[in-house]
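Undergrad: Single-letter residue listing:
There are 2 protein chains.
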Amino acid sequence: MTLIDPKAIRNGDRLALSRALTAIENNTSESKRIQAALFPYTGNAHLVGVTGSPGSGKSTLVNQLAKTMRQSDHGEKPPKIAILAVDPTSPFSGGALLGDRIRMQDLAGDKGIFIRSMASHGALGGLAHNTAAFASLLDGAGFDVIIIETVGAGQAEVDIARLAHTVIVIEAPGMGDDIQAIKAGILEIADIMVVNKADRPEAENTARALKVMLEMGRGGESMPVTGKHLMRSIADKDETPKQADKKPGWETPIRLVTAIEGSGIDTLVNDIRQHRDYLESSDLWQSKEAYRLEKDLEALIKDKLLSQWQESLDEEKYQKVLMEIIQRKRSPIEALDLLL
Amino acid sequence: MTLIDPKAIRNGDRLALSRALTAIENNTSESKRIQAALFPYTGNAHLVGVTGSPGSGKSTLVNQLAKTMRQSDHGEKPPKIAILAVDPTSPFSGGALLGDRIRMQDLAGDKGIFIRSMASHGALGGLAHNTAAFASLLDGAGFDVIIIETVGAGQAEVDIARLAHTVIVIEAPGMGDDIQAIKAGILEIADIMVVNKADRPEAENTARALKVMLEMGRGGESMPVTGKHLMRSIADKDETPKQADKKPGWETPIRLVTAIEGSGIDTLVNDIRQHRDYLESSDLWQSKEAYRLEKDLEALIKDKLLSQWQESLDEEKYQKVLMEIIQRKRSPIEALDLLL
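Read top to bottom, the protein sequences are chains A and B.
Going by my numbering, the first residue of the first sequence is number 1, and it counts up by one from there.
Going by my numbering, the first residue of the second sequence is number 1, and it counts up by one from there.
Among the hints, erroneous ones may be present.
Any copy, or any two copies together, can satisfy a pair, since identical chains are not distinguished.
As the list claims (entries may be wrong) - Below 25 Å or equal to it, Euclidean Cα-Cα: the simulated SDA-like pairs (lysine to any residue) are:
#, residue 1, residue 2
1, LYS32, LEU336
2, LYS317, SER307
3, LYS304, GLU316
4, LYS329, ASN27
5, LYS80, LEU336
6, LYS77, TYR278
7, LYS320, LEU338
8, LYS32, TYR318
9, LYS304, GLU315
10, LYS211, GLU311
11, LYS77, LEU107
12, LYS317, ILE333
13, LYS329, SER29
14, LYS317, ALA37
15, LYS329, ASP283
16, LYS304, LEU340
These are computed hints drawn from the structure, not numbers from a lab.
Using the sequences and the accompanying hints, generate a full structural model.
TA: Given below as structure tokens:
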């Protein structure tokens with residue numbers, strides 16, 4: 001197995017890129033080397049999160065977006081696009097691989113599009129961490145737009161979407177009540193709302209309902225603040241990037257789209273560009289970058305602290321304390337003092 | 001504000017219980033005291049996870065299960081039941097509270113049922129951690145059955161379900177292709193499968209499809225192993241509790257149910273009891289408990305390590321390094337060595 005050459009990745013070698021991504025998934029020491037080598041080239045890509053309930057038609061929309069973006073630059077060099085499909089299924093399903101194959105058929109032959117699916121590997125938080133690392137590597141590899149597609153029904157998925165510069169939330173018309181509750185949680189992270197399957201009779205109603213929910217939310221309760229002390233110094237204000245979005249200057253559009261026919265996609269591509277312009281013309285692009293980098297650093301620190309502790313751990317003592325917990329002789333909270 | 005009395009919680013004081021749960025959510029020092037005080041009484045409750053896609057009818061099913069469990073003990077004292085509805089929505093929506101109110105109407109007047117919704121508060125992993133702490137407190141408070149209801153479409157939610165002794169996965173008939181992929185990820189954690197809305201024509205087909213998927217999965221790829229070194233010593237085998245479930249001895253039943261009419265619920269209640277009997281008659285009950293307690297301990301250790309590090313941190317240095325990362329002068333990975 002030859003070492004992966006970061007220069008090859010910069011020069012568009014897809015095999016090297018794929019191997020590097022796999023190295024990140026496997027958390028090898030080589031992955032650290034490549035990430036560090038490509039890091040200076042990062043910071044240019046536009047990260048676009050696309051999230052929505054199962055059945056809302058995310059994959060179709062993402063494919064159409066990618067196709068349209070590749071075509072719509074009149075005379076200009078079309079952007080290089082990477083698609084990261086974050087799949088909450090396990091290796092058991094083969095779902096991620098199957099998804100890849102279906103997509104490949106649709107976007108085959110376009111060398112300006114790179115597609116990778118990520119299946120989660122059990123560890124809570126690991127998915128978000130890997131997604132951030134993948135996005136950073138693709139950024140460093142020279143992709144102009146990185147579309148991160150997640151199922152927007154879980155906390156982990158929402159957190160992943162939050163890493164993006166621009167978040168598109170997609171809904172299908174007339175889904176169940178259960179969806180309503182989820183929608184609310186996702187709405188607040190939306191920069192652009194899409195109602196897909198606009199040919200269905202309930203589409204207009206859904207769009208109206210979303211509009212009402214968006215208006216209710218505006219100026220509403222604040223988001224939980226993470227990475228407090230960073231944001232304080234970087235942006236000199238005690239708010240997350242997402243809250244900042246809700247400032248006057250960006251009105252979340254609600255678009256009716258029929259992804260499968262490609263109708264409404266042009267408008268959406270335009271919205272995405274406008275949102276990038278908006279971010280860049282304010283200080284938001286930079287503060288989002290800073291937020292993302294701090295989250296990344298935080299995750300690395302946590303991992304490292306835990307592994308340092310594990311290395312210095314007296315395994316016998318740990319097992320003894322754990323057994324006492326299991327026998328209810330000691331609570332986990334009490335055990336902490338003994339172990340740390 | 002008077003202190004919360006753990007004895008009052010043991011004696012069934014609901015206000016004290018509610019306050020203690022809120023204290024856990026707010027991560028106060030009082031919550032630690034109460035958790036430690038009630039810990040010796042834990043280990044008796046049967047944790048039942050109910051998870052399924054949005055729109056599958058989870059809440060209705062959970063309500064029916066609770067009602068039926070309360071009625072069906074012929075002459076025996078009916079079990080005390082707690083319902084934890086884990087809601088991936090944010091405080092923004094008020095969704096959790098609304099859900100509570102709707103449920104309250106249905107189950108009102110039964111003092112043997114306690115209901116609490118949990119909204120996630122932004123921190124990745126925080127939801128799973130709080131759910132475990134809630135379940136432990138309710139266990140210590142004397143509830144016999146704790147039903148944990150999650151939307152089964154995200155990694156965090158799957159992890160939460162995995163904490164339960166018995167996992168019920170619920171599906172509605174004929175949902176989209178997108179669901180199929182998710183189903184596969186969730187199937188492997190199912191101890192009991194339910195196809196709800198059995199009156200719909202596609203119900204039988206869905207049940208058949210699930211059966212095929214279950215059979216494909218049996219003996220299939222292994223689950224990611226977490227908490228390795230614990231399980232090695234506790235259960236003396238290198239597998240997670242869930243893998244152990246797939247051993248001969250438990251065949252995951254697939255039940256057709258119409259929750260809204262209450263049909264099929266008796267069978268399901270019976271399945272839940274049989275699964276408990278199965279766990280207790282093998283060593284699985286104990287190994288699941290051990291797994292859960294270790295996850296709990298791990299989370300506490302991670303938190304503590306991070307907060308210890310933060311206390312000893314040179315804030316100025318941290319900010320300087322962070323700024324170097326943002327300016328791409330240093331990669332996050334390189335920064336680690338400087339900060340730790």
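Undergrad: Is it within a copy, between copies, both, or neither that the alpha carbon of LYS32 lies no farther than 25 Å from that of LEU336?
TA: Cα proximity of LYS32 and LEU336: across copies only (12 Å, versus 31 Å in one copy).
Undergrad: Is it within a copy, between copies, both, or neither that the alpha carbon of LYS304 lies no farther than 25 Å from that of GLU315?
TA: Classified as both: same-chain Cα gap 18 Å, cross-chain 19 Å, threshold 25 Å.
Undergrad: Are the CA atoms of LYS77 and LEU107 at most 25 Å apart within a copy, between copies, both, or neither?
TA: Result: close within a single copy only, 18 Å intra versus 62 Å inter.
Undergrad: Could you figure out if LYS320 and LEU338 sit no more than 25 Å apart (CA to CA) within one copy, between two copies, both or neither?
TA: The answer is within: 11 Å in one copy meets 25 Å, while 34 Å across copies does not.
Undergrad: Quick one: LYS77 to TYR278, C-alpha cut-off 25 Å, is that within a copy, between copies, both, or neither?
TA: Within one copy, since 22 Å is at most 25 Å while 64 Å is not.
Undergrad: Checking an output row: LYS211 and GLU311, CA cutoff 25 Å. Within, between, both or neither?
TA: So LYS211 and GLU311 fail the 25 Å test inside a copy (53 Å) and across (44 Å) alike.
Undergrad: Have a look at LYS304 and GLU316 and pick one of within, between, both or neither, based on CA distance no larger than 25 Å.
TA: Cα proximity of LYS304 and GLU316: in one copy and across copies (22 Å, 21 Å).
Undergrad: When no copy is named, should LYS32 and TYR318 be tagged within, between, both, or neither for a Cα gap of at most 25 Å?
TA: Intra 30 Å, inter 21 Å, cutoff 25 Å: inter-copy only.
Undergrad: Pop the pair LYS317 and ALA37 into one bin, within, between, both or neither, using alpha-carbon distances up to 25 Å.
TA: Result: close only across copies, 23 Å inter versus 40 Å intra.
Undergrad: With identical chains, the pair LYS329 and SER29 could be close in the same copy or across copies; at 25 Å between alpha carbons, which is it: within, between, both, or neither?
TA: between (41 Å within a copy, 21 Å between copies)
Undergrad: Can you tell me if LYS304 and LEU340 fall within 25 Å by alpha carbon in one copy, between copies, both or neither?
TA: both (15 Å within a copy, 8 Å between copies)
Undergrad: At most 25 Å between CA atoms: does that hold for LYS329 and ASN27 within a copy, between copies, both, or neither?
TA: Only across copies: LYS329 and ASN27 sit 23 Å apart there, 37 Å inside one copy, limit 25 Å.
Of the numbered hints listed earlier, those contradicted by the structure are 5, 10.
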